[in-house]
Amino acid sequence: MTWFMGIDIGSAYSKGVITRDLELVVSHTIKSGADYRKSAEIIRTELIKKANLTQNDIANAVATGSGADNVYFAGQKASDIVCTARGISNVFPQARTVIDVASQSTKVIRLNEKGIVTNFTASEKCAAGSGRFIEVIANVLRIDLSDFDRLAARSTSPITFNTGCAVFGESEAITRISEGVSKEDIAAGVNKALASKISSLVNKVRLEQPCAICGGGALNTSLVKAIEDKLKARLLMPSCPQIIAALGAAIIAATPPASQSTKQT
Amino acid sequence: MYFAGVDIGSTMTKVVLLDQAGNLVSFIKGPTGAEHRQLANDVMRQALEQASLQIDDISYIVATGYGRLNVPFADRQITELSCHARGVSNLFPNARTAIDIGGQDAKCMRINSGRLVNFVMNDKCAAGTGRFLEVTATTLGVKLEDMGDISLKSTKKIQISNLCTIFAQQEVVALLSRGEKLENILAGLHDALASRVAALARRLGIEPDLVLTGGVAKNIGMVEAMRQNLGCEIFVPEEPLLTGALGAAILAKETHMKAAGAGKALPATSRRLEKVTFFNQEYR
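Line order of the protein sequences matches chains A and B.
Under numbering that gives the first Met the number 0, the residue at position 229 of the first sequence is numbered 228, and the numbers go up by one with no gaps.
Under numbering that gives the first Met the number 0, the residue at position 284 of the second sequence is numbered 283, and the numbers go up by one with no gaps.
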């Protein structure tokens, strides 16, 4: 019985997990802030405390995410694509497509029956295709990100954005507010716009079912529903979608190097 | 006999008044608010006051810009592309290409004999418009009007790797915290925008002389970045915001003269300049 750690430093949130072999034991999530190195340390400390372990109990740690370089105590780095694929295969071995809605980008990954990545695409260049669009509009609406889902779910007539750009979308949302449109309808409009961008991303690598969704964006269940409507498919949803890449990193940490069939990027 | 051009842009409203000979009588620039109609009135009133004229002294009014339909006292609406082309050729008769970078879009126009022959524009992505500089300047705590001068002190080329304005916002903060100098970051931002606009212009084909207009043309760092990216000389009008309104006023004069020459009915001179709102039934 051995303990492993996976740490995923994203642009908005830092996530970490400890697994016992391939089983998730504890997880911890914090805002990344400006100092990724410090965030990584906090995650490690908190995880060890939660699991009631010491640092020496951790056999191996793997880092991923855009800030992976800051996890100086990790034995290894792995790409977020590979980690997300590993993490989702651990939860849903049947998944053939994964949609990862993160703050910086949305990624769509295709997996084969062994859970190995066969293709992927990402929306890296544009905030309107990532969870950031939601953060931007939540800021304009002066609502907490955690309230976004609840508000959007209450909408009766979601607005349609005339723009595909998050910056212009911000101005458009301000105009709509001044016109008296409800926060609910604006929030639902954002989900609708994002769902449409995400579904065209999915179509680029072709949807193969079953399809799972993860990343912080999956916490927004109205967004998940909007994507399901757009794709006309049910999505598998992990109980903690935000830590999937961290989980995958821990699983890679637990896999002896010789049997790691996935390439590092 | 006087003629007016009213250009309602996304951020600024501009009015130009011309006399019968086509000389500039007055011009006014004011911020565009949420209420275009009311603002158009205010700016028009100011322009008239400056020239000591009454609204009835104006023979023909052309409205242009994205808010052109919200000018209740205009006699005709003409797209900003045609007006820009006309205004630019009036100031630079040899101009064959005009690039207008505003707060909401970027337009590249090919001009022949004062007329618009072809154009391409970007109004889809903020990263290819002046908004890119507006947003990042705010993030850096730099006034938009100071960006150009500061950027000229740049000693090092910094590449802004993010295309999206929102991600670039994050990137400039990271660059600052890494100890990069403000002037170098600003120069990097100018180069990023200039390279995108240059790519847009190349789709159209560039023929000299090239004139740069719009609010972004007031930024000397951007003019320099455009020159480097396009590799040709760039002409900038003294008032780069006014070419649309100027073109509208010239087109107002031409329309009026043509109609008068053909003995056609001219627009009623009893225009009203009182305050109107979006909710005023009369103008629906």
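Incorrect hints may appear among the rest.
[Claimed, not checked] Mimicking EDC-like on lysine to aspartate or glutamate, the simulated pairs with C-alpha atoms at most 20 Å apart in a straight line are:
no., chain 1, residue 1, chain 2, residue 2
1, B, K28, B, E179
2, A, K76, A, D34
3, B, K180, B, E237
4, A, K196, B, D122
5, B, K28, B, E48
6, A, K124, B, D122
7, B, K123, A, E123
8, B, K155, B, E48
9, A, K48, A, E22
The set of hints was computed from the structure by calculation and includes no laboratory data.
Against the structure shown, which of the earlier numbered hints fail to hold, in ascending order? 1, 3, 8
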